[in-house]
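Engineer: Spelled out, the chains give:
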Amino acid sequence: EPEVTQTPSHQVTQMGQEVILRCVPISNHLYFYWYRQILGQKVEFLVSFYNNEISEKSEIFDDQFSVERPDGSNFTLKIRSTKLEDSAMYFCASSETGAFSYEQYFGPGTRLTVT
Amino acid sequence: GQSLEQPSEVTAVEGAIVQINCTYQTSGFYGLSWYQQHDGGAPTFLSYNALDGLEETGRFSSFLSRSDSYGYLLLQELQMKDSASYFCAVITGANNLFFGTGTRLTVIP
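The listed protein sequences derive, respectively, from chains A and B. Note that this note's numbering has the first sequence beginning at 1, numbered continuously upward. Note that this note's numbering has the second sequence beginning at 1, numbered continuously upward.
Since the hints were made in silico from the structure, they are not lab data.
Just a few of them, taken from the derived set where beta-carbon distance is under 7 Å, the chain A residues facing chain B: (1) V43; (2) S48; (3) F91; (4) Y102; (5) E103; (6) P108; (7) G109.
Just so you know, even glycine gets a beta-carbon here, dropped at the ideal spot from N, CA and C.
Take the sequences, apply the hints, and build the full model.
Structural biologist: The following block contains the structure:
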């Protein structure tokens, strides 16, 4: 069964450093998303991406964040200058196109620890 | 903005039925989804309701009342493996998911 993959599984970085989280969505999906989940809290929407551009972004997704689809398979989330409060699990998700394709498939997540 | 309320914790006995409620306030609404998340795992899709009424998928059913801004997830014949967190999530026009606070279900023998 096709699945969303994410690398790395765990990333430790120092405050102020840049990090890039990588995702490979399911191959025939056209909508891509990033979510984050601070330990013990709810999953929070960050950004959605369709047709090589951002569809919608939340208040969390400020100028420190950017997304890119550098090739036909990868989807990346960059945090330019990490802060302690960026420590969280980051989930990538993808979904098919179409009016009734509301099921989103989540990757296993990248745990980001900022020290 | 979006606001979703769920009970924080529910405990039920193996083999029983449990209902997890969700009330929402949202500026844009296309439907209500439910996701299951085991500790340390990723959310996995359970169900989706766009219209009022009950949707059944095996042991799981989900209900939506748009006029009441209310939905619930019904789990029947509970199994130990159903112990997890359950999140309701509203879907906005861009297919984005806005999650509730989550309900931690503990199934006891």
